[in-house]
Each structure stands twice: as C-alpha cells, then as structure tokens.
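Join the two chains, each given in its own frame, into one complex according to the hints.
Each chain is listed here by its residues.
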Amino acid sequence: MKLFVIASREFKTLFLSPVAWTILAIMQLLFAYLFLTQLETFIRLQPKLAVIENSPGLSDIVVPPLFGNAGIILLLVTPLLTMSLICGERRNKTLSLLLSAPVSSMDIIVGKYLGVLGLLLLIVSLLTAMPLSLLAGGELDMGKLLANILALSLLVSAFAAVGLYLSTIASHPVLAAMGSFGLLLLLWILDWTTGITDQRSPLFEYLSILRHFQNLQSGLLNSVDIVYFLLFISGFLLLSIRSLDQGRRQP
Amino acid sequence: MPALLEAQRLYRYYGKHCAVNDVSFTLRQGEVLGFLGPNGAGKTTTMQMLCGVLAPSAGRIHINGFDLLAQPIPAKQQLGVCPDTPPLYRELTVVEFLAYCAQLHGLNPRQIRPAIDRAIQRCGLTTVHRRLIAHLSKGFQQRVGIAQAILHNPDIIILDEPTVGLDPLQISEIRSLIRELGHDHGIILSTHRLSEVQESCTHVQIIHQGRLILNESIAALNQLMDTGIVQITTRLEADVGLLSAIPGINAVENLTENRIRIHYSVTSNPIPRLTETIINAGWELQELTPVKKSMEDLFISLIRDNEP
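Just so you know, the protein sequences line up as chains B and C, in that order. The first sequence begins at 1 in the working numbering and counts up by one. The second sequence begins at 1001 in the working numbering and counts up by one.
I should point out that these hints are in silico values taken from the structure, not numbers from a laboratory. The C-beta atom is built at its ideal place from N, Cα and C for all residues, glycine as well. Hints may be right or wrong, so weigh each one.
As the list claims (entries may be wrong) - Below, a sample of chain B positions facing chain C; criterion: calculated Cβ distance under 7 Å:
#1 94
#2 99
#3 102
#4 106
So here's chain C without its partners, still in its complex pose (with noise of 0.2 Å):
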C-alpha cells in the first residue's frame, strides 16, 4: 500500500538548537501513528512541518506523492490539520465557521451543508451548533477544531493534543471518534499521555531532544514496558535483600523505612511470591499498590537502551 505521507530526514533547527534532529518515517491509510515525547521534546515542531505552517530546515515530506514544499497546495488538499490551540475565530458561530473552513478547503457549494452537518454530528455539536465560538467551553472550543480538521474528509487528519482540557466523557468520546476515524484515514496524535496512545493508536513514535527514540507497532511498545510497579507498606522493616532475590523482581528501592517500592516483570509476574514471602516472614503487609508506569519511567528505559 503507498505510503499517505512521508517524511525523510526532517531537521529544524531555531537559530543554532536543533528542535528536531533527523525524524523519518510514514503513515498508510488506516494506522493511527501516537507521537509521544516530553514537552520540548520536538513533537509540535514535527507536527507544523508535517502540515505547512513551519518549513523544515532540511528533509522532505510527500503527502500522496506531492511535495509539500514544491506542490503545497494540491498536498495540503488532503489534509485536516488541529493544532494544540484550535485555530477558531471567537465572533463566528459554529456553523459560520465551519462553513469558511470548507470554502477555504475549495468544497462546492453543493458538498458544504452536508459537509457541515457530518462533522458537527460526529463530533457532537449539536446542540451548540448555532452558538458564537467565544461562549463555548473550552471542551467544546476543541470539539470545533476536530470538527474543522475532518470536515472535508482529508486522507490524513493531524491532531496535536487533542484530548488536552477536556473532561473524561469527552475524552473518551474523542477517543472512540479517532477510533472510528482510523478506520479510513491516516491518522497522527501528538500528546504526552502514554494512556492514550495505549488507547488509541496502532503505531507509536517517540521523540526525545528532537530525535526519534522508538518507531513500533503498539504490540512491540506492550512488550517494551513489560516492567510493573508496586509500592509496598509494612509495620516493621522490610529486608531488602530477601525480596530482590525473587525470581522476575529486577529492582527494590526503598523510599522510607517501611515503604519499598518494587519494579518487576510482569510476565513473569513475581507478586504472588512477593506477598508470600512478606507474610511468612511477619513483615506486616499494610498496603500494595500498583503504581500506574508512566511516560517518564518509559523514556528512562529507552534512553538507558539507547546509550552505548
């Protein structure tokens, strides 16, 4: 299948900081590519070369083989675009707004009602759809700029953070809209939840100080974060070196001195063990809590992989 976009070696640099450093990779039809990466890791700055609004300062980017740099017009025609801040303009209504992106995507007259009544459905602007822009909820204000992005049924939708600000309803809603828009579009989320892309994606890329660190389907990024970790309470204190002699337990840090915090793996999952070993030695178990691994306990593993 032909690749819907395409990146080669893209470099930005800001004067003499290099934003982005050598990012390759592409998107066919039907994948759902997360960007991941810390904030000031270069994600946005990707995300504005891949739509037009910044120029890469070397590299190449083809959208269904036109260059956006040589050919911008007819490559930017199939692409829907949502920046971190949704572009709205606030003195329009819902409608009017969504009417002028049309006109600016060049749909004839005959397409934009209908056009408009898809995306406002889709994205639940119903009940809203007649209201000025400025009085939305900053929810809604972000529902409008997904609704611009997909209102002209682009190939490929580019969404930076779309889920940012919204409440959990809303978060899934958008979630399961991206689900079902991943369908028959290339999709590319940018944020900085590792949940989402989870949720989500099919694909996943991660960017750190401007560089692609990993490029996987989100089989391989389930395996990659194989470890777990659990924080344990006990009345006395723990022994330390009795518990990381467990089988599959790769490393016990002690945070006080009766609190340890455990990173295990988790197929081979030493838990049952671990609280058998506790009690048995009259440690007093008080409390095991999972410990939800983050995006930085990700980046910390990779970066370690990635030094020699």
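If we strip away everything but chain B, and leave its shape as in the complex, we get (with noise of 0.2 Å):
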C-alpha cells in the first residue's frame, strides 16, 4: 500500500531532525512534573481518605487529570507538528513529487496523517508508561486507565485531523499553526459559558471536543462521544482530500 510508505516515511522524517526528539524530551519533563505533583497529592490525601468508604482510589486521582493536562499540553503541540505536513511541502516545491506520483489524493493524506498519528501515539504511550510504574507498589483501575489512553489517542487524533487540513488550505505553515490553534481552543471552550450562567445550549454542547473527552475519561464508554471523535476525524480528513484535490484546479 502506497498509504504505509508515505506514512513511514512521514515517521522516520521526523526522527531525522531533531524535531520528534525534542518534542519527545520536552512532553517527558513537563508530564513527568504533573504526574509528580498528582502523586504528592495522592499521598497527602491518603490519610483521610483511608477512612472514607468509597473513597477515590489511586486510578482516580492521579490518572484523570494527568491525562486532563496531557490534552492541554498536546492542543498546543500538535499544531506545531501538523503545520507544515502539507504546506511546507507545498513551500519547498515537493509536493509535485507525489502529485506527479501514482497515488492517489487520499494516499497522501492518510499516508501523512497516519506519519504524524504514529509521533502523537508514541507520545501517548510514554505518558501511560508513567502511571503504570505505580503498579510496582500499588494497584491501577485498568479499566478506568484503558478509558484516559483511548480518550486521550482520540483527542489526539481529532486535534491531527485539524491540524492537517489546516496545512492543506494554508499558504504559510505559521498560518496553519495560528489557524488549527484557534479552531481547537474554540473548541475546548466551547461550552463554557454553560457552568457560568444558566443558560444551555445542547449544540455547544455536543460540539465542546472537552465534554466528549472527559465523558470518555470518566469511564463512561458512550458511543455517542466515540462516534463524535470518529465522524470529526473523517470529516476533517475528507475536507482534507478535497482540497489537495482543489489544488489541482486552482491556481
């Protein structure tokens, strides 16, 4: 398949700078810092919840929202990542390799976001490597740790998708950055405003991409929140294709 060579060869690309390292280095020190502090909470807190029935355990305290801030850390990120998938190979004339390349629209696109997936689920999986060392002197809730990795690679996943469409349509990688930036964060906020007043509105609603993480993150296996991932991460995929497409008719 002409989708995996152009994915691997995304991957590998990224290890020939020093781009993935760093980021890699950087997302280490900063999770290792929150899940540090989460734990100094936990051993504060254990006394009193000790005799608490039903108290909130380990799993509780420190994975929810060490995955939470993850989700923060990488909204920033990932558009840092995304930028210039499509865009930089548009700026450095390489695009016309695969354009000229038999492989289709679609090749390219999965190909790419598939490469950069591969960086933000290796980030993932280094995270959950943090809170499975507890295992060593205490006992995780996997079901509840299985929820945050699979809440958190489809966070990831939707916040790729963006990025990537963004790199497409944009004529400066910093463009694209500003723009899936902005989108994402709009996104995040987006139903704020319900816990201020009390008005709702059932469309932010379903539209907040925080409220279907953290209904994920709670255990709770909705398949309207998974659905919502996976209708967002192909509709902004399909957008992405057609605008490669686009590109052909347009100057």
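Dropping the structure here:
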C-alpha cells in the first residue's frame, strides 16, 4: 500500500531532524512533573481517604488529571507538528513529487496523517508508562486507565486531523499552526458558558471537544462520544482530500 | 505507432488570465520533444498539466491510452517527471530518497535496489550516493531530480529545464543522457535555450503567450532558421545601400557609424561577396563576427509570420 509508504516516510523524517526528539523530551519532562505533583497530592490525601468509604483511589486521583493536562499540552503542540505537513511541502516544491506519482490524494492525506499520528501516539504511550510504574507498589483500576488512554488517543487524533486540514489550505505553516490552534481552542472552551450562566445550548455542548473527552475519561464508554470523535476525524480528513484535489484545479 | 502521450485542446486559466490556450500535440516512442518558449509563455503550466500536478481548465490528456483525469493512477504509472525545481527531501541521502521514490511508483522490493543502482550510474551519482541531498551542489541535486524521474523506467519522461544551473561539462553529460534515453522512451523537454533543442531533440514545439506557434521536426526548424547574422566593423563609414544590394542579404542595420549588423540567408551564403565589396570599396574591414541567433530572433520572425 502506497499509503503506508508515505506514512512511514513521514514518521521517519520526523526523527531525522531534532524535532521529534525535542518534542518527546520536553513532553516527557512536563508529564513527569505533572505526574509527580498528582502523586504528591495522593500521598497527602491518603490518610484522610482511608477512613472514607468508597473514596476515590489512586487511579482516580492520579490518572484523569494527568491525562486531562496532557490533553491541554498536546493542544498546544499538535498544531506545531502538523503545520508543515502539506503546506511545507508546497513551499519547498516537493509536493509535486507526490502529485505526479501514481498515488491518490487519499493516499497522500491519510499517509501523512498516519505518519504524524504515529508520533502523537508514541507520546501517549510514553505518558501511559508513568501511571503504569505505580503498579510496582500499588494497584490501578485498569479499566479507568484504558478509558483514559482511549480518550487521549482519540483527542490527539482529532487534533491531528484539524491540523492537517489547516496545513492543506494555508499558504504558510505559521498560518496553519495559528488556524488549527485557534479552532481547537474554540472547540475546547465552547461549553464554558454553560457553567457560568444557567443558559444551556445543546448544540454547543455536543460540539465541545472537551465534554466528549471528559465523558470518556470518566470511564463511561458512550458510543455518542466515540462516534463524535470518529466523525470529527473523518470529516477533517475528507475536507483535506477535497482541498488537495481542489488545489490542482485552482492556481 | 500508437501515441504515448496525447494532449487535446488544453486550456488553462488563472482567474481571467489564459496561460495555456488551445494546445494539442502527441508524443511517440523514440521522440524527444523540445518545448521552447520565453519566460511566462506557458511552458511550465503545460508541463504541470501533463504530469497531473495541475488540472487543465478544459481539454484531455491521454497517457498510454489512459485518461489522466479519469484514471490518474494507471496513467501516472508510466510517467517520470523532473519539475524545474527538483522535488528533493533535503534531509534524506540520495539512496534513501530514490528508494522512497521507487516505493511511491510501486516497484516491488526486489526491483528497487537494481533500479536505484542503474539510475545512480546513469546520472553520474556514484560518488555522492551516500551523502545527504542538502549537502550536494546544485548540479548534483539536479541530477538526483533526473535520477528520480528515470528510476522506474517510465515510457514518458518529462523534464522541465533540466540543464539550468549546471556547468558546461554537466550540461553535455545530461544532453547525452537525454539522447540515450530518447531511443526507447518518449521525452518532453522544456527549455528556453534554442541550442539545447537543436542538440538533443527530434521535434520542437514553440509556445508563445499560451499558444503553440510551431510544431515541427528539427529539420524543419533548421530550415526556418535559415537567416544568419554577422556584425561588421569598418574604419570608414560603409554605404548601406551598396551592401543591401548584394543578393542573399535581407536587411542591414546601422548600430553605430562604423558598425553594422547584416541579416542574410544562410543557403545563398553572401559572405564572400560581402567581404569582397567592403575591401574593394576601401572601407577597411576591422572585424567580422557571426552573431548567434537567439530565441528572440526566431520568435520575432515566427510571430511576424503568424500575424496576418
């Protein structure tokens, strides 16, 4: 499959420059700090929790806040990773290599997407290693951990799809990064108004990426939330394929 | 012989500007088609349409019988393209890059290594094949671009200005490579240098303001190029009227008082009569230099011919 040829090239290229290594190192440092803070909180609360029945356990206090904060950090980082996927190739005039090769627009877009998604999922798996290390001396609610891994993986997949689309339509990588950052942040904060006033907008609640993410994080695997993410991802991938095809027609 | 590539009535608009206007031609095996035109004539746009990077606003392109728009994947299978800026990933080595291109063109894993070795050897990249593309000189980068285009042994090779930025030795190497490839492939070569077309091509096409104004074999072009130019310097002022009376001389231009430029027909060769006349008249011939006919001269004469 040509799609995997493009995906593996994209993934390997990230590791040929310092980009992937730097991002992995910085992410790991930030995550470690967040993880240790959460752990500290648990240790401080432990004597009080011990006397309460049905109190939140280690998994509840460490995992969801850690993955939630990782989501925010990845919201800042993903646009930087995706900004030059198509836009950078167009500027370096290397896009014509792909356009004149016997590969379809779908192969190009999905290949590029899977390549960058590989790095994002690697970041998620390195993050997962931290709570897993607690198994050495404690017990974890594996179901809850898996729900968090799924939630964060779907979240970064959605981020990458938006970033790729913006990179397909933008003329400069910085515009693509700004555009995808703005759009993702808007979707993140979309349902904040419901907390402030007593007005509720079901549409905004449905659109809010944060709400679906938190639903999954709580361990409630609702098909509505999973379908939301799948629609979100495939929608932006289809838009990217269309926009790449359109690029051949327009100057 | 069936045509390898057939372009029918291609149009391309950028907004209201028409960059390519009703261009049709065919390419057969063994032909090297030179695509000539000044900057901005529509060469690159046409090339980009032929290799599927741009879609034409109207018209059809058939490659090996496949419609490039309706069945792009089988059509592009037999296409090797090197655009004016070679599309190179600077962070890869030459071999890594060529391996990626081979995979993109669907070569099976056993064919990849021999294909790369052959392309490297043909394009003279043996000494640099392990180096990063970013560290190569422009000439070598250009060759990597050509290696990428011939790697999968395509029936049709499209090269957009392949010799720009190369030194004379490299240019002649690339030209002989093109001639060699021309035996069993169809090649389209765009350039703005007339000499390149005369040396490497079997057919020539001239595009001007988006229209094809000439589509001929190279022999027909040479006939068209019959006019030659010489520049003459004399110590005393020459009599233009006397010189233009010599048969075979088409026009005489006064550049300065002592310097004139003469347009003549190469077949009737009036140069001996010309020198004789100058010497006999006692104007003291100081310099007689043939002026290389430029693309512009050819254009001017063609455009003049095309206008009613």
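Outcome of the hint check:
{"no.": "1", "hint": "94", "verdict": "4 Å, holds"}
{"no.": "2", "hint": "99", "verdict": "5 Å, holds"}
{"no.": "3", "hint": "102", "verdict": "4 Å, holds"}
{"no.": "4", "hint": "106", "verdict": "11 Å, violated"}
Hint 4 alone, counting from the list given before, is not met by this structure.
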